[in-house]
Amino acid sequence: MPAELGSVVLALAFLTMVLAAGAALLGRKGDERWLTGSRRAVYGACALLTLCVVLIEIAFASNDFSYKIVQEHSSIETPSFYKLAAMWSSQEGSLLLWSWVLSIASSLALWATRDKLREIVPYATAVMAGVASFFTGLMLFAGGVNPFATLSPAPPDGIGLNPLLQHPSMMIHPPMLYSGYVALTIPFAFAIGALVTRRLDAAWIRATRRFALIAWAFLGLGLMLGARWSYTELGWGGYWAWDPVENAALMPWLVCTAFLHSVMVQEKRGMLKVWNACLIVATFSLALLGTFLVRSGVLQSIHAFGENTVGPYILGLIAVVVLGSTALIVSRLDDLRSEKRIDSLFSREAVFVVNNLLLVALTATIFWGTFFPLISELFTGTKSSLAAPWFDRYTTPLAILLVLFTGIGPLLAWRRVSWATARRAFVVPAASAAVVALALGIFTDAASKPWALALFAFAAFSLVGLGQEFWRGAAARRSLTGEAMPAALVGIVSRNRRRYGGYVVHAGVAVLLIGIAASSSFQTKRDVDLRPGQSATIDGRTVTYERVTATVTPLAFTAGAAVRVSDGGSSFILHPTRRFYRPTGGAPSTETISNYFAGESDSDIGLKAGAGSDFWTALQPDITGVQRHARAADAGFRACVTGRPGTPPQCRAVAGMMRAALGNPSLRPTALAQIERLQMATAKQIAQGYVAEGAPATFRVIVNPLVTWIWIGGLIALAGALIALWPARRARRVPAADTELEALKEAKYREIRDAELDHAAGKLSDEDYALLDAELRKEAVEILDRV
Amino acid sequence: MDPQRKRKIRLGVALGVAVLLAAALVYTSFTASAESKEPSQLVGAAPGTSYDMNAEVVKGSIRHHGEGLSFRVTDREGRGPTLPVTYRGTIPDPFRGGREIVLTGQVEHGVFVGEPDTLVTKCPSKFTTSNAS
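Chains as they are written, first to last, in my numbering: chain A, 9 to 795; chain B, 153 to 285.
Derived by calculation from the structure, the hints in this document are not laboratory data. Check before you lean on any hint, since a few could be wrong.
[What the hints assert, rightly or not] In silico lysine to any residue, SDA-like type, Cα no more than 20 Å apart, as pairs:
| id | chain 1 | residue 1 | chain 2 | residue 2 |
| --- | --- | --- | --- | --- |
| 1 | A | Lys533 | A | Pro397 |
| 2 | A | Lys391 | B | Ser202 |
| 3 | B | Lys211 | A | Ser352 |
| 4 | A | Lys348 | B | Arg159 |
| 5 | B | Lys160 | A | Ser352 |
| 6 | A | Lys753 | A | Leu730 |
| 7 | A | Lys391 | B | Val195 |
Working from the sequences, and respecting the hints, build out all of it.
This is the structure we're talking about:
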């Protein structure tokens, strides 16, 4: 019954979203009743989709295997936490998550703009509700992806969740990425609204910038979690493989980064309007493309979700979005003309243009590489694919230039900077970069990898430049207020959250890129075969296979090793293990000991993380002996069950019970349970045998310098995004009609304050400041005249 | 020089650089890529050419010896002839019989010899009992 209820609720949510889109379009001339109605319909659909999610989660929590989705992705033994998270390991659950998160984001966006942007909101609502109807409709009509599909009769147990996916970061990673993809719908919808109504000033950007930043942060966090999972869970030791699905998540993130920068140029200078419109369309299309790639299986990926039911529909949506938006932008080119021109190449906006070109070039390169199999099939008839070295060749120089510009941008002021002022700002960072390059070149072997050395030098430039910015800002504030330095620092950051939050993100990216450059260029990787007691020397450290361990549970056979790593003085012990899971869902009578080695297996790596370098090791045990013993024992048990000769002595009694069960079937369960107990005991003996035998094992050992910097850099960037997102003290509410001019006035005041700060911090010379201040005040007076 | 002309020159230079870079990108992508083939297309292939093989591992065919690994593969869903494979290097956790893999390598004397550390196993999105028999 609840499943049918769920289908009805889902259908209602779909209808409500369609109604919301329709009502919004009817209200486009500003009819308050239609507009309020459409907004409330979006809120309503959000509530209905929430109910759908709750129903599915209840089914998971209560092991209701009459739901197909529960039966296929959960089981009685699945741990509770993973039961709740198993929803999005399925295609239908992912679609439900997409729709649900979109309905939440749309509701928030509509609530935030409830008395703003009168003309744009109806169209934006129509776009958001349209996309949401598409995804809810997909679940209802595409076939095979309704989360409320049932099985009759309900099976007693489910198939379970793949043990490889049972990892905390794997459970948070997909919803993070989806939330990122989905939040991008909001700025896209408002951009379309602005294009349709020709209201192409920065109002739509101010209203949705926060959503773009949230999407950016979610996508970034999703990427980081995926990398971390790959590093610690996959027994491979890498965190990035240029796999199509990874690329699909990276591309919208890169374009979104470009968008977040270039919209500032439109906000402050009224330039780059066409570019911004194109960027947001590209970002949203790439987000849809990511969803499509994950779900369609057109490209060979390690993420082979491969059920090809919704792919064509999403492709259709992408085509509509790209063609429709392009036509719209072309038809509005006259309204998208820049209000101003770039004054000087020595200005922040000029650097933003360069950074945008770099980010877009990076995205285009990754796009080409990712879709190359399709491109080559088109031209040569054969599918050819590009491997990591090709990607590295192009992305490395682009990343190095990017890190340089994360340092240059913050050092320059808007509009123009005199050569003398620029020189003053650049002296310390440039000197630091030179010192770092020299020191690394002389004292380490960094010079053998010129690309990495260049990246370290540029990252030093950028980090020192950012530090200088904080210092100068705080010093300027101290001289005004007389506060102590730490208080002045807090004060300057909390009053200019966007600016300094952005700087913190830049610092995080620089730290992250240092980690990537160091770990990819100076990694030592070796596979060594060791027997217990033997040692090998790797990167100056002695690695000794000290002890063999093995444990068996009904779920898994775990082979482990205690490995001592010593570098002369200190030493530590790591415990890498490899776990072999029995496939779940089989009947007890067919379970064999060999089955442990027919299912999934995963590694628990031994990892000693450090600020300097990570010592990483994974174990590949030689289990041929174990398998041989398991096969022999299984043959014995088969004889036992069938009553044929060859029964091992310890199960003669059970064989007797089995023979008796032939006559009296009620004895069979007891006999089978007895066999299972004996099987477990035998499996334990085999495990002990493995320990005693001292079988050789292959250890993959990686000494990975500065990997920790990647995770720390990611956290710093996230903290920066949070600083930038943190809401400023609530401004006085103003009557609805004035909000747009009021916002414009606020923005101009902020620009005047920014210029003041830049001047006080020595980033603008007296002459430049006088000129700029006069310009800004004139623009402010023009706005005040309109108010 | 008048600003209009300066802008045009700048735009021209930028576009020229972009076109050159794009050409390099396209050229190297065609030379650096490896053709994707399925085992049935590789039986009897000439040695000396590197391929990306998309294949399915035959259940029960995996043998470890020391650091090396040998197994047999077929086309996806078990179709087509089987091809023996040897490989050394990292073995991803999800690797096992019945799973789809991508491996770069060459065919030598009827055996597909994989390049070290190029074995990619597709990430399973869920368990299926049919694989467990």
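Now for the hints, and whether the structure bears them out:
As the CA atoms of Lys533 (chain A) and Pro397 (chain A) are separated by approximately 17 Å, the hinted pair is consistent with the 20 Å bound. Note on Lys391 (chain A) and Ser202 (chain B): the hinted pairing holds, with a Cα-Cα distance of about 13 Å set against a maximum of 20 Å. For the suggested pair Lys211 (chain B) and Ser352 (chain A), the alpha carbons sit about 66 Å apart, so the restraint of at most 20 Å is broken. Distance restraint check for Lys348 (chain A) and Arg159 (chain B): the Cα-Cα separation of roughly 14 Å lies within the 20 Å cut-off, and the hinted pair is therefore satisfied.
Note on Lys160 (chain B) and Ser352 (chain A): the hinted pairing holds, with a Cα-Cα distance of about 16 Å set against a maximum of 20 Å. Of the supplied pair hints, the one linking Lys753 (chain A) and Leu730 (chain A) is violated, its CA atoms being roughly 25 Å apart against a limit of 20 Å. Proposed proximity of Lys391 (chain A) and Val195 (chain B) is supported: the alpha carbons are some 18 Å apart, at most 20 Å.
Comparing the model with each earlier hint shows violations of hints 3, 6; every other hint is respected.
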